[in-house]
Amino acid sequence: MPARNAQQWSRPPSGLKPGEYVDSRIYSDNDIFEEELQKIWKKTWIPVCHESELAKPYDFRTMTIAREPIIVVRGSDNRVRAFLNVCPHRGNMIERRPSGSFAEGTPSGNPKRMTCMFHAWQFDMKGNCVFISRQEEGYQDRLCPKDVGLRRLRCEVYFGGFVWVCLDDKVDKTVAEWAAGCLDCLQPSLDAEPLEVFHYHKAIIPCNYKLWHDTNCEFYHDYLHYHNRITGFNDAYFARKNSGFDNGHINVGSFEVQYDKYEGFESRANVSFPSLPPNHWYMIDMFPGANFNLRGSALRCDLMTPLAPDKVLIEFRGLGLKSDSPETRRARVEHHNTIWGPFGRNLHEDLLAVSGQGAAMDSRAEHRHILHGRHENETIHDENGMRHFYDEWGRWMDRSPGNPDQRYREGHNQPGVSA
Amino acid sequence: MSSNGADIATAVRDTIYLASLLQDDEKWAEWLDLCDEDFAYAIKAYSPEIQYDMTYLSGNRKELQSITEMLPKHNTDHSPLTRHTVVYTVDVDEGAGRASAVSSVAVHQTMLDGINSHVDAGESRLFLIGKYYDKFKIADGNVKFAERVVKLNTRRLDKGSHWPI
Chain A
1 MPARNAQQWS RPPSGLKPGE YVDSRIYSDN DIFEEELQKI WKKTWIPVCH ESELAKPYDF
61 RTMTIAREPI IVVRGSDNRV RAFLNVCPHR GNMIERRPSG SFAEGTPSGN PKRMTCMFHA
121 WQFDMKGNCV FISRQEEGYQ DRLCPKDVGL RRLRCEVYFG GFVWVCLDDK VDKTVAEWAA
181 GCLDCLQPSL DAEPLEVFHY HKAIIPCNYK LWHDTNCEFY HDYLHYHNRI TGFNDAYFAR
241 KNSGFDNGHI NVGSFEVQYD KYEGFESRAN VSFPSLPPNH WYMIDMFPGA NFNLRGSALR
301 CDLMTPLAPD KVLIEFRGLG LKSDSPETRR ARVEHHNTIW GPFGRNLHED LLAVSGQGAA
361 MDSRAEHRHI LHGRHENETI HDENGMRHFY DEWGRWMDRS PGNPDQRYRE GHNQPGVSA
Chain B
420 MSSNGADIAT AVRDTIYLAS LLQDDEKWAE WLDLCDEDFA YAIKAYSPEI QYDMTYLSGN
480 RKELQSITEM LPKHNTDHSP LTRHTVVYTV DVDEGAGRAS AVSSVAVHQT MLDGINSHVD
540 AGESRLFLIG KYYDKFKIAD GNVKFAERVV KLNTRRLDKG SHWPI
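Protein chains in written order, with my numbering: chain A, 1 to 419; chain B, 420 to 584.
Be a bit skeptical, because a hint or two may be false.
[Claimed, not checked] Rough simulated footprint, nothing fancy, chain B against chain A, three-plus residues with beta-carbon under 8 Å:
no., stretch
1, 94–100
2, 196–210
3, 339–351
4, 355–361
Because the hints were derived from the structure by calculation, they are not lab data.
Glycine included, each C-beta is placed from N, C-alpha and C at the ideal position.
Please construct the entire structure, taking both the sequences and the accompanying hints into account.
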């Protein structure tokens, strides 16, 4: 078959059915992106940080979900709570630092208070307004602190100490219910004892957030990675299962990685996480854009913040056990960084690949079909993980991923559409 | 400082600048020839996000040799990195045969194949900033790197790099 002309190129390959490809507009169209923020990112549980990042009472972390500034604080009761990081007075962002402690006072406010520096309104760790400067002079009896508390958000600490936030007050599931069993494979390893974040860096990549999630969901791209080919490609690797769970989540089953086959690398068997067989490797991808990746000795977590159709902030974390000795921690950090650090072997390659996808999917370029049609008995190079994700995406968006001009049900009723 | 000490300080500066040139030219073996057999290398940064002193990459001379020799097997961004290095301080302990130096470094990336070469190639961007904290062994008038810690200010590293800084 020769290269295709424009008409042939605009059609999906004849052997593939709807559901086995998506339209590139879902990665580039601004209206679809804005709709995703409203319909998905503001409605689902999003992991935002790890509790070790706010270890002591009055510690805090700030972040953003769907353009809404968020603050997560640990109260004097040790409970972690989340609020919009917005002052109810004139809408200023209350806390500007990425992390810190409210135990000390600030130039505008008292210790143990969240203080908006603009007009010195102060809030306690439960989000109650506790001080309005010159309240009686300005508001007389028309407004009092109880009327102007912060906007509280649904918040849970779950799965090895990750902090989850949902912007929708009416979310009808707990995080455990939302996970629908996808976390079970790693729960014994992550919940055995407290974890601690030892690595953080971030990347702003010129591509749609789903392209990064897709890359985390499919392992066919291991052809990109010399390291993974040399340490992985064997019968056990090709037998790894891709499993779908309710709500669009997937996980990838484990096998024993032969780390010592890569020159200069060593086995990770002596610093495995609890309950994890030596050198094993599990991966969990949660809808709409979180990834938990445990390679024997180090846990990686990718959290995404979509910024634009063609721009995503990815925060990369590495975690070990809080009880690590200095020597064990050093080993975990090295194992993490040699593959996943900003100067590691694999992460750079993955980010190059999705940058190339982003460059080829400019919103003003012609749209095309992106193929998710590999079937290999739901094993490692099957693309069922991406198909499972996009089936869920279609439901939340009420759009067909293969033709976003169609409603989900119209596309869904076509033959061959299934996860 | 004795005239000999001044000579050693000059040799330390020259070695740091030569290392930058060799790294810019991706002459990794020649760069490692400037390093002692017990050389230790690390890229570090403090994260105000997690309030933790992080190590982004570490290795001894043998590990760095392995990393750099494996580069052709890896897909990579070939956009060259160029180091602008300024040596701020040099301290020589002649009796102990040691010296240390602190340098400022700004690394620029001249785009080649990182994203869309038609649009981006030829454009130079700031890749990262930081400092080199170097330690040297001095023997028979020769200066060899004993340790280099690259302490980064930059923590938003986007695609990152396969190359030592």
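Checked hints:
1. Only residues whose beta carbon comes within less than 8 Å of a beta carbon in chain B count, and the stretch 94–100 of chain A has 3; three or more means the coverage holds.
2. Against chain B, the stretch 196–210 of chain A contributes 10 residues with a C-beta closer than 8 Å to a partner C-beta. That satisfies the three-residue criterion, and the hint holds.
3. Here the stretch 339–351 of chain A counts 9 residues with a CB under 8 Å from a CB of chain B, which clears the bar of 3, and the coverage holds.
4. Counting residues of the stretch 355–361 of chain A whose beta-carbon sits less than 8 Å from any beta-carbon of chain B gives 4, enough to reach three: the coverage restraint holds.
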